[in-house]
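Construct the entire structure; sequences and hints are all you get.
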Amino acid sequence: MKLGLVIDLDTCVGCHACAVACKQWNTSGTTGPLSDYQPYGEEPSGVWFNRIRHYEVGDYPTNKTINAPMSCMHCDDAACVTVCPTGASYKREEDGIVLVDQSKCMGCNLCSWACPYGARELDEEAGVMKKCTLCVDRIYDENLPEEERKPACVLTCPSHARFFGDFDDPQSEVSSLVRERGGYAMMPELGYQPVNKYLPPRQRPKAPTVAAKQSEDSGGLIAKWLKRQKDAFNQLGEG
Amino acid sequence: MHPALSVIFFTVTSGAGYGLLLLLGSARLSGIAPEISSNQTLFAGIVGLVLVTLGLLSSTLHLANPKNAWRSFARFKTSWLSREAVFAILFYPICLVWLAVVWAVGNSTLSLVLGLFVAVMSIVILVCTAMIYASLKTIRQWNNPLTTVNFILLGLLLGSLILLLMLHQQNIVVSRLIVISVFLISLSALTKIIYFVWIGQPAGPTINTALGFTRATVRILDVGHSSDTFLNKEFGYEVARARLIWLRCLCVLLAFVVPAFLVSGVIGEVGFIHLIAAAFSAYVGVFVERWLFFAEARHVVNLYHGRQQT
Ligand code: SF4
Ligand code: SF4
Numbered sequence: 001m002k003l004g005l006v007i008d009l010d011t012c013v014g015c016h017a018c019a020v021a022c023k024q025w026n027t028s029g030t031t032g033p034l035s036d037y038q039p040y041g042e043e044p045s046g047v048w049f050n051r052i053r054h055y056e057v058g059d060y061p062t063n064k065t066i067n068a069p070m071s072c073m074h075c076d077d078a079a080c081v082t083v084c085p086t087g088a089s090y091k092r093e094e095d096g097i098v099l100v101d102q103s104k105c106m107g108c109n110l111c112s113w114a115c116p117y118g119a120r121e122l123d124e125e126a127g128v129m130k131k132c133t134l135c136v137d138r139i140y141d142e143n144l145p146e147e148e149r150k151p152a153c154v155l156t157c158p159s160h161a162r163f164f165g166d167f168d169d170p171q172s173e174v175s176s177l178v179r180e181r182g183g184y185a186m187m188p189e190l191g192y193q194p195v196n197k198y199l200p201p202r203q204r205p206k207a208p209t210v211a212a213k214q215s216e217d218s219g220g221l222i223a224k225w226l227k228r229q230k231d232a233f234n235q236l237g238e239g
Numbered sequence: 001m002h003p004a005l006s007v008i009f010f011t012v013t014s015g016a017g018y019g020l021l022l023l024l025g026s027a028r029l030s031g032i033a034p035e036i037s038s039n040q041t042l043f044a045g046i047v048g049l050v051l052v053t054l055g056l057l058s059s060t061l062h063l064a065n066p067k068n069a070w071r072s073f074a075r076f077k078t079s080w081l082s083r084e085a086v087f088a089i090l091f092y093p094i095c096l097v098w099l100a101v102v103w104a105v106g107n108s109t110l111s112l113v114l115g116l117f118v119a120v121m122s123i124v125i126l127v128c129t130a131m132i133y134a135s136l137k138t139i140r141q142w143n144n145p146l147t148t149v150n151f152i153l154l155g156l157l158l159g160s161l162i163l164l165l166m167l168h169q170q171n172i173v174v175s176r177l178i179v180i181s182v183f184l185i186s187l188s189a190l191t192k193i194i195y196f197v198w199i200g201q202p203a204g205p206t207i208n209t210a211l212g213f214t215r216a217t218v219r220i221l222d223v224g225h226s227s228d229t230f231l232n233k234e235f236g237y238e239v240a241r242a243r244l245i246w247l248r249c250l251c252v253l254l255a256f257v258v259p260a261f262l263v264s265g266v267i268g269e270v271g272f273i274h275l276i277a278a279a280f281s282a283y284v285g286v287f288v289e290r291w292l293f294f295a296e297a298r299h300v301v302n303l304y305h306g307r308q309q310t
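Here the protein sequences come in this chain order: A and B. If you read the first sequence in the working numbering, its first letter stands for residue 1, the second for the next number, and so on. If you read the second sequence in the working numbering, its first letter stands for residue 1, the second for the next number, and so on.
Hints were generated in silico from the structure; no laboratory data involved. Where hints are given, some of them may not hold.
Said to hold, decoys possible - One side of the interface only, derived from the structure: several residues of chain B facing chain A at Cβ under 7 angstroms:
1. G212
2. T214
3. L231
4. Y283
5. V284
Glycine residues also receive a C-beta, built at the ideal position from the N, C-alpha and C atoms.
See below:
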């Protein structure tokens, strides 16, 4: 099994609900708490497993806002694991989830230096490294109804932009989405082979611009009348 | 990268210690100081060990959870940090046995062989320390062979100047060691300047490959957090351009130019004052060098925070 996420950059609205759900679930989960530093102070800060950043892609008038949620990609070639001296960081054979054993970590930060995706954060209060667990403490929980055995971020996403599943299974939802929508990995050139994939924005027909509309309006009276008749006729045909 | 003083002190001071022990261990065989007596070896060896130990102690200050430091021997197979830790610990008994033999038996074949062993261990540890940084693909300023070359050369450079100072004090002819020091100074200055020029060339991932939009411009609109995060504090460090140039000049001046003039005898006959000033100046210069090594390193995660390239 190779478990991971697919994130749809086309439908993500950048609401940060996934990050909040993640924090809520994981702060009382296996690697909790996700410490906060001065939560009600001047500069509130703390540990998050999932962060959303907002970008502008392209130049006006063909620009677009892209919201990019990022968490651990559970890389196939995870340097965060190989650099770890204590053996606290490991990648599970059975499902590919990358985890930190809190009882072994010495807080040297080296794994966070090795991670290109900013997925690891040191909990300054606990002195150990923390990261996304892919909600390992709920996806296998048989006390939960089957449809709830998914990471908290996937369940909560209001625009249904996140998918969870097994990339080793070609029939899974995540595999087909990647196939059909051209899912890709971020920063592939570093060779970490991240498992999580991103779906690019869909190609949509261009919205009519003012200039295009004007040219449509121009033309003689007869031409306009003919066009109206033609449109009406076509609509009749559609019934 | 955030330049943490504990790590800078560790790499510079331990590096100087290993450099010193490398030269000392091979001193009789390589002809650096063939007539060195056993007491003089003992003294210099203890100075080397003190430097190494101070550095290693300082490195534990960097750990957020030092009570688990002993676990760092676990991943010898894959982790350079683990290898460094294992070799650094193995180094102590070997070095102490060598010094004990030197003290008890004096200059003998056994002490010669053990000394060589200490020299080899020193260079292995210097390589391991450098590889902790050089193996990170996420930081292109580190991920290159010059990192290792610089770590070894600068360790040797500091070691040679400290050894020079001690041997001179004990009235040993140091003319050969002076030649070696000047050679080390020139070589490390050359590689460091190549390094400065080389890291100025744009290379590596860009904000486009980071996000997968390679056929359009990408700009950050909002980083998504209102105050500093772990990622900002650890990786977001930036040095102003003017300050950078100033510090690079200071580093080259103190680490290479000043010691070169002082030990080569250009300014008066080489005496105690010259040698102590050279060692001190080089130490401060290499400290600045190591600070820059961290401060100039740009982690790829900065691309997600809006940097166009690293
Ligand atoms: S993934 Fe879903 S919850 Fe997260 S920012 Fe996008 S829309 Fe919001
Ligand atoms: S995203 Fe970072 S922390 Fe997660 S597996 Fe990859 S390298 Fe490791």
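Verification of the hints:
no.	hint	verdict
1	G212	holds, 5 angstroms
2	T214	violated, 10 angstroms
3	L231	holds, 5 angstroms
4	Y283	violated, 25 angstroms
5	V284	violated, 26 angstroms
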